[in-house]
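Peer 1: Each chain, written out:
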Amino acid sequence: MKNFSWKLVLVFVVIVAAIIYVLPSLKPALWPHKQINLGLDLQGGMHLVLEVDTKKALESTVERISHEIREQLKKEHIRNVTIDRVEGIKISAQIKDEESIKKFSALLDDQFKDLRELSNNMVDGVQTIMLDIPDSDRTQIEKLAVDQALETIRNRIDQFGVSEPDIRRQGENRILIQLPGIKDTQRAKDLIGKTALLEFKLVDDTQPIDSALKGNLPPGREILYKIDVDPQTKRTSKTPFLLKKRAVLDGSYLTDARVQIASQFNEPYVSINFDKKGARIFERITGDNVNKRLAIVLDNSVYSAPVIQEKIAGGQARITGRFTTEEARDLAIVLRAGALPAPVNILEERTVGPSLGADSIRKGLISMLVGGLLVVLFMVIYYKAAGLIADVALFLNILLIGAGLAAFQATLTLPGIAGIILTIGMAVDANVIIFERIREEMALGRTPRAAVDAGYDRATLTILDANVTTLIAALVLFQFGTGPVKGFAVTLSLGVVASMFTALIVSRIIFSYILINRKVKSLSI
Amino acid sequence: MQFVKPDVNINFIGKRKIAYLVSAVMIVISIGSLIFHGGPRLGIDFQGGTLIQVKFLAPVKMDAIKAGLRDIDLGKSSVQKFGDSESSEYLIRTDSSVMTSEGFSADVQKALKSSTGSEVEIRRMEMVGPQVGQDLREKALFAMFFALLFITIYISGRFEFKWMISGIMAAALIGAVYVLTLLKVSIPWLIIGALIVTLVLFWFLELKYAMGAIVALVHDVTITVGLFSLFDKEFTLAIIAALLTIIGYSLNDTIIVFDRIRENLRKYHKNPLEVILNRSVNETLSRTLLTSLTTLFVVLALFVLGGGIIHDFAFALIVGIVVGTYSSIFVASPILLAWQGRPKKK
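Taken in sequence, the protein lines are chains A and B. Residue numbers for the first sequence follow my numbering, so the first one is 3 and each next one is one higher. Residue numbers for the second sequence follow my numbering, so the first one is 929 and each next one is one higher.
Treat the hints with care, as some may be off.
Stated by the list, open to error - Keeping only pairs whose Cα atoms sit at most 35 Å apart, straight-line, the calculated DSBU-like set for lysine-lysine is:
#, chain 1, residue 1, chain 2, residue 2
1, B, Lys-1198, A, Lys-185
2, B, Lys-933, A, Lys-185
3, B, Lys-994, A, Lys-236
4, A, Lys-105, A, Lys-76
Since the hints were derived computationally from the structure, they do not count as laboratory data.
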């Protein structure tokens, strides 16, 4: 039988390959193939879905453009023009005299031709022009913001030190983060979610802060707070600062940030280095504002506001606060990795402790063992020797699922274990269909050989049809699924394919071998 | 050993009126329970919210936990015993999904420790924002619908060689659903509407086998969902996975009966359809029961030993397997008779 021998070779190759793939998961030292990935629900860890607030990214871009326009106006001595950012992402320009109108429109054509003119009204000699960013540029900015956020978060997590993190984009503006085995989830979350926008702003000491606090805010000023936590009483206190709204310098000029310990108080602080351009700006600012206070602002809260003693050259500064060493270290990481281009919101968070994962594995294995044993016993009792063949096929089936998981680097989750257990029940189905058919054929008076052949031939199509439909459901599940559910779809699909292989090819070979080589006259089925 | 004798001949088809009545009653109860409870009870996956699984090292009182939660403004959350009775594990659930403020889990741990006087371990914490919840809800409905459609194409193709008709119909339905989603039609109603349109189309296109399979599937899923609602159990992502498995499983059963019908139609084409259907159901009865039995073994093992997280999932599968077995005997095949009274088209 030629047919028989190539099938034998195929089965042999598949089994050997399966063993090669599975063994490292049972005994890692054996050879260096990767082990089966365990999902977060089995090994513990954190799953986060973040949304990048792309609207904020647009707003800050528009704010920056408005600022550039103002600078240009100053440079070219165009007067009587007021530039404002309105409705979040629009720029309104109000121009009060004839000459400026001409100059301004020339400036727009010359340097800001990417802006789109929305409306242009003339009321009482005042021209109001509304501008915004065209749609195509807008999508570009949003996409860039998400890309940058992804990159920044990846950097931060790399520096934080997590083994095998999975960070990827999901949909248009979402980022999926999976951190297996992480223990201090709160710290990781703070590290990832912090915008880390570092700004230096001058403190306005010329005006009384009390009247500003009462709502009497002078133009171009803002109030930000410094928040202190008393380490003993845990009570927080807020100190207001009246600041010039425009940042004189920001974190984009940073080249490095490190934790240092101040020798005097043994308190950690973060020392930062600017690049050449940043160093020049810092030198100029400090030179121009000696004896004034410069506030160091991170994500809109004031960390410190030291008085500038003298011009500072060399491009070095330090951020002090009442940091713990850990806080200082995390701050240094986020500053080094850079600011997020826009704030992120946590949309979904799932944290599983390692002890729960271990519990789940144990319980899953026990139910697999008990369920499998019941099925194995039942098959032997019901089908006798033929049942034994089905049991061999069943073991092979489980081996193949394991090998498939390892080979495709798929992730095993708790529902995935449930999927394996379910396939154990369903894997014998193919054998049941075949055996029932063989019994029918024997009842019609055929010889064992003819009954087995007819049984397999007739059952093949049935099994194929039945399994393809299950496979369709599993594939849809895979498409739709997230995390654990996907794991279930994977094991279910692997199980369906494996059970077709074991039932239609492996168990048939065993039958043929017994019938041909042993010349068996009656069938134990 | 044999449970079902080879010459068994139970008149399943003759008793189909009784089966219809039983099914109708179960479906009415299911839908009634759903209406009474105001729809299925959605878990945080589909509704948004926060879930915390805590384990206490010493036995604690429920009131103490609730008191601790009140201290950190979580007084409205529900607390529920979880898992084995000897371990002291609880599930805490709130509707709000704004827990991402700094130090939340530490706060919970501290509050519970001081109110119960026992060491607390936070074993699992899940937060799903309302937007993600809605996304998942819609995705789940689409997944069920698409799974059904793809399966019907396969069945119509394999059993009646109507690949083209069913393919075009499915494509048109998918297109219509897609256009309607762009128009922001409410997704649940859209899917229900699409399902009804699908059934009507099946009827007029005489896609008998697909119709039989789909009616059986909708029957199974409705009753499973109804039982979930009756027992006031929660819908999570895992339950959707279970429902899709039930779809695959029950279909498996149905197709094996159909396959035998196809074979017997060729063999005994002179017999009336009713007799052929009954014969086919009887011939496959042994296999249907055996497979359901082995699958039930393992799912029961999962239900009893699998632990709290997988408990409801296994429950859904048990219900689905029992109902699926019933439907492939009593529901799917009799549907094929439905076209009999109609005048034959040329």
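Peer 1: All hints are to be evaluated individually against the structure, with a verdict given for each.
Peer 2: Checked hints:
In summary, the hint linking Lys-1198 of chain B to Lys-185 of chain A is not supported, as the alpha carbons are separated by about 72 Å, beyond the 35 Å threshold. Taking the CA atoms of Lys-933 of chain B and Lys-185 of chain A, the gap is near 59 Å; set against the 35 Å cutoff, the hint is violated. A threshold of 35 Å between alpha carbons decides the hint, and for Lys-994 of chain B with Lys-236 of chain A the separation of about 25 Å falls inside it, so the pair holds. Simply put, Lys-105 of chain A and Lys-76 of chain A have alpha-carbon atoms about 12 Å apart, close enough for the 35 Å limit, and the pair holds.
Going down the numbered hints, you'll see the structure goes against 1 and 2, while the others check out.
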